[in-house]
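Peer 1: Here the protein sequences come in this chain order: H and L. All residue numbers for the first sequence refer to the working numbering, where the first residue is 39 and numbers rise by one. All residue numbers for the second sequence refer to the working numbering, where the first residue is 2 and numbers rise by one.
Keep in mind that the hints were calculated from the coordinates and are not lab data. Just so you know, even glycine gets a beta-carbon here, dropped at the ideal spot from N, CA and C. Any given hint could be a false lead.
Straight line, CA to CA, 30 angstroms or less: simulated BS3-like cross-link-like pairs of lysine-lysine [stated by the list, open to error]:
#1 L:K75 - L:K134
#2 L:K134 - L:K62
#3 H:K87 - H:K134
#4 H:K125 - L:K134
#5 H:K125 - L:K75
#6 L:K75 - L:K3
Ranges of calculated distance between the beta carbons of each label pair, as one might list FRET restraints [stated by the list, open to error]:
#7 H:D46 - L:M6: 49 to 59 angstroms
#8 H:S76 - L:T70: 43 to 53 angstroms
#9 H:S72 - L:N4: 22 to 32 angstroms
#10 L:P96 - H:D143: 47 to 57 angstroms
#11 L:P30 - H:N88: 23 to 33 angstroms
#12 H:D143 - L:K3: 29 to 39 angstroms
#13 L:A23 - H:P109: 34 to 44 angstroms
#14 H:S128 - L:I90: 42 to 52 angstroms
#15 H:S128 - L:E91: 19 to 29 angstroms
#16 L:E91 - H:M148: 23 to 33 angstroms
#17 L:N58 - H:G90: 49 to 59 angstroms
#18 L:T70 - H:D46: 48 to 58 angstroms
#19 H:N64 - L:P96: 17 to 27 angstroms
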Amino acid sequence: MANIEMTDSGLLIVTLYGELDNHEANGIRTQLSSAIFSGQVRAVIWDLKNLGFMDSSGIGLILGRMRDLAPFGGETFILNPSVTMEKIFSFSGLEKNVRHCTVEDVMREMGGVLYEK
Amino acid sequence: MKNEMTLSFVAIEENEALARMAMTCFITPLDPTIEEISEFKTIVSEAVTNAIIHGYNCDGKSLVTLHATMDDEKVMMTVRDEGAGIQNIEQAMEPMYTTLPHMERSGMGFTIMESFSDHLSVQSTIGSGTVVKFEKRFSPVTETSRMG
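The shape of chain L in the complex, shown without the other chains:
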């Protein structure tokens, strides 16, 4: 099945759940396993939380935009903000590195996104925003996997 979607929402923390819910519905036709759903939701949650907190500092008016396309076996997705941007992407992607330790951000977001996706790239410009792009493959549905 081929499908495509775009979703935009303002930068408030409550929309982290909205993003996960919408994206979970979007991938349902791929008949993902519980673990695949859960890993996919985690990637979405990390990227969207970053956009809301780091990109826009929860300003409640700027828009985070999700875009996703799907074919029979994979989902390609971008999470875009037009906010602060990342000073040093390499450093941001190091495990345990965070610019907001007082908010108890663990600094594990990018490590988790990289581990749970099949391909991840980050483009960012200071003052004009960040685009996180990733791909996740889903195991094809076969009669045996259905009998599971």
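So here's chain H without its partners, still in its complex pose:
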């Protein structure tokens, strides 16, 4: 399950819940690609804090979106994976995208505002 949110400043925030396997990834892919191609996405922020499980389908999903973003020079942040997920990311060369912080921390760094306050 995924909650997808786009900020005015072009940050696509994908919050994942439950278990991300091949079946789930296929559902999420379509939603995400249309969001990326429709707007000015500067970065995709994947928040895995509430994700209970992920296999290599998660890698396929994230690498696929990095490819979509590449023509626009967009960045990818992978937040708060579990220990096992972090191992999977490092096997795949994605460890440099992993951060342990909140979505708001990344947004501050990227200069975006999620909630008007």
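Fit chain L to the given chain H structure using the hints.
Peer 2: Frame of chain H; chain L shown alone:
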């Protein structure tokens, strides 16, 4: 505790979750750590997804069969399909190698299975199927590890 099980299901993607759930229940008596459970589930998920997608192309009628035995410290498991088979196992096991890039398969399945298991072997024959066999050891339960 000694135990043994067999589970068969048709090749549809929804059964990836069924396989993980059933196997997680099976290993519970070993009192695994969260990380052990999570690594074990990942191996099962990779092997079963391969059987469903690559073995049977999600045909919805052919059977994937899991078989597992357990003793006090390890689980030995096979994931069997009677589907397409793998042309070149060595190549299939290379990181990032996939025959289905358009489906965004990452090609990391075997790398993950090898890293998270204690022993992994693959037998495959074109046209008659694939058997992935692996073993995973679990840290023995002691009074200190319980107090954790």
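Peer 1: Hint by hint, work out which the structure violates, then give me just those numbers in ascending order.
Peer 2: 9, 10, 12, 14, 16, 17
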